[in-house]
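Protein chains: 2
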Amino acid sequence: MTEYCTLEWIFVTEINHIYTPPLARLIEQLQKLPGVGPKSAQRLALHILKRPDKDAENLAQAILDAKRRVGFCQRCFHLSAEPICNICSNPNRDEKVICVVADSKDVIALEKTREYQGKYHVLGGVISPMDGIGPEQLNITALVERVSREKTEEVILAINPSVEGETTTLYIGQLLKPFTRVTRIAFGLPMGGDLEYADEVTLARALEGRREIDD
Amino acid sequence: MTEYCTLEWIFVTEINHIYTPPLARLIEQLQKLPGVGPKSAQRLALHILKRPDKDAENLAQAILDAKRRVGFCQRCFHLSAEPICNICSNPNRDEKVICVVADSKDVIALEKTREYQGKYHVLGGVISPMDGIGPEQLNITALVERVSREKTEEVILAINPSVEGETTTLYIGQLLKPFTRVTRIAFGLPMGGDLEYADEVTLARALEGRREIDD
Numbered sequence: 001m002t003e004y005c006t007l008e009w010i011f012v013t014e015i016n017h018i019y020t021p022p023l024a025r026l027i028e029q030l031q032k033l034p035g036v037g038p039k040s041a042q043r044l045a046l047h048i049l050k051r052p053d054k055d056a057e058n059l060a061q062a063i064l065d066a067k068r069r070v071g072f073c074q075r076c077f078h079l080s081a082e083p084i085c086n087i088c089s090n091p092n093r094d095e096k097v098i099c100v101v102a103d104s105k106d107v108i109a110l111e112k113t114r115e116y117q118g119k120y121h122v123l124g125g126v127i128s129p130m131d132g133i134g135p136e137q138l139n140i141t142a143l144v145e146r147v148s149r150e151k152t153e154e155v156i157l158a159i160n161p162s163v164e165g166e167t168t169t170l171y172i173g174q175l176l177k178p179f180t181r182v183t184r185i186a187f188g189l190p191m192g193g194d195l196e197y198a199d200e201v202t203l204a205r206a207l208e209g210r211r212e213i214d215d
Numbered sequence: 001m002t003e004y005c006t007l008e009w010i011f012v013t014e015i016n017h018i019y020t021p022p023l024a025r026l027i028e029q030l031q032k033l034p035g036v037g038p039k040s041a042q043r044l045a046l047h048i049l050k051r052p053d054k055d056a057e058n059l060a061q062a063i064l065d066a067k068r069r070v071g072f073c074q075r076c077f078h079l080s081a082e083p084i085c086n087i088c089s090n091p092n093r094d095e096k097v098i099c100v101v102a103d104s105k106d107v108i109a110l111e112k113t114r115e116y117q118g119k120y121h122v123l124g125g126v127i128s129p130m131d132g133i134g135p136e137q138l139n140i141t142a143l144v145e146r147v148s149r150e151k152t153e154e155v156i157l158a159i160n161p162s163v164e165g166e167t168t169t170l171y172i173g174q175l176l177k178p179f180t181r182v183t184r185i186a187f188g189l190p191m192g193g194d195l196e197y198a199d200e201v202t203l204a205r206a207l208e209g210r211r212e213i214d215d
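Those protein sequence lines, which keep their order, are chains H and D. Using full-length UniProt numbering, the letters of the first sequence correspond one by one to residues 1 to 215. Using full-length UniProt numbering, the letters of the second sequence correspond one by one to residues 1 to 215.
Extracted from the complex, chain H is given alone in its bound form (with noise of 0.2 Å):
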C-alpha cells in the first residue's frame, strides 16, 4: 500500500512537472474515457486547448446537459429525456411487436437498419451470476407485465450470443411463453463475411438455422 501510493505521488509530480496543473487534470479526466489513452488524451487535450473558447464551453455544455436531463422511459427503459421516449410515443410504430435487448446501444444499433417497425424493451444487461447480476437486477419483472397487459403477438429476443446472453435469453423466452409467441434474431455468416474465415460456432449457427430458397 505505501510502496502503492509512492509510486502514484510520483507518477502525478511527473505530469505535474511535464503538463501545467489545469492541462494535466483534463488529460487524467480524459483518460477516464473508454478507448483514450494517455497519447489520445493529451492530443484531445491540446486539441481543446488550441480551438476558439466556445467550442469548449459547448463540449462542457453537451457533457453536463446530457447527465442531466437523460434519463430512461418508464415503458421501455431506453435512454430518453422524456418520460416516455420517441419510440414508445410514435404511434406510427407497431404496438404488437416488442424487441428484447440488453442496453441502450442494441437500440440505437437496430434503429439504424431502418428495418424494424415495432417497440423495443430494454434489459439494462444480461443474466451473470459471475457478476452479480440476476434476473431481478434487470427489467423482466416490467417486461412480464408489460407483454400480459398490452396483448403482445410477438416478443424478439435480440441479445447477443454470449453465455450470459444465452442463458438470459433462454430464461425470458420461458417466462414469456405463456403470453405470446416468442422469437430471436438468426444467427450465422455475417455479409461480406467468408466461410474459410468464419469461427465454427458461427458456422454450426448457420448450419442450424438455415432455409429453403424462395421460388
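Honestly, the hints are just simulated from the structure, not real lab data.
If chains are identical, the list can't say which one is meant, so a pair holds when it fits in one copy or spans any two.
Below, a list of computed lysine to any residue pairs in the SDA-like style, where the Cα atoms sit at most 20 Å apart: (1) Lys39 / Ala109; (2) Lys177 / Pro135; (3) Lys54 / Arg43; (4) Lys96 / Arg184; (5) Lys151 / Ser89; (6) Lys151 / Leu175; (7) Lys112 / Asn90; (8) Lys151 / Gln174; (9) Lys32 / Lys54; (10) Lys54 / Asp65; (11) Lys105 / Ile185.
Note that the structure is predicted; figures quoted are calculated from it, not measured.
Please arrange chain D on chain H, whose structure you already have, making use of the hints.
Using the frame of chain H, we list chain D on its own:
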C-alpha cells in the same frame, strides 16, 4: 447551398430520431474532437451517461478550467497556467541552451525523454506560405531578441524534417548564427528500426550523419 442545407437537415432529423436530443448534442460535440468518429462519439457519450454524475461534472469542469487558465509562457511560449512556465522558472535548468520547437507538444515529447536539461522556445508553428504562415506569424523575433539578450551559448533546432520544417530550420539558423552556436537534432534510422524497411531519405540522412565509433 439549398441542397446542402436539406441534406444537413435530414442528418439532424435522423440523429434526433435515433438519439434523444441532449444525447444527440453530446455526440455531435464529441465528434468535433480529433480522431473521434460517429461510432466512438456514441461510445464515449453512452459511457458518460452510465458513469456517476460526479465524473461528468469533473470532466466538464476540467475542460472549462484548462481552457480558462492555460495560456502561453511569456518567455518561451510553452503552454502554461502561470505567466512564466515551470521550465523557464526552474533554476536547476541550464540557461545557456535553448531548444527551439514548433509546438508545445514537442516540448512535452522532449521532456518525457528526461535527457534535456536546458530551456525551450516554442515557435507556434512552421513557416508555410501555402497556409499564409510567414516568419512574422511565429515567435521568431522574440527568439532572436532572447538569444542576443540572454547570451545563449547554444540553440538546438528540433523541428520536424518536413519541407516546411526544413525551411524554418534553415531560416532560423541563418538568423541566429551571428549570435550563437546553432545545432540541429540528428535524423537517421529510428531505434528498433530496420534498414530494409527504412525509406530512402531516412537512409540517406543516416549515412550523411554518420559518426566515428568511440573507442
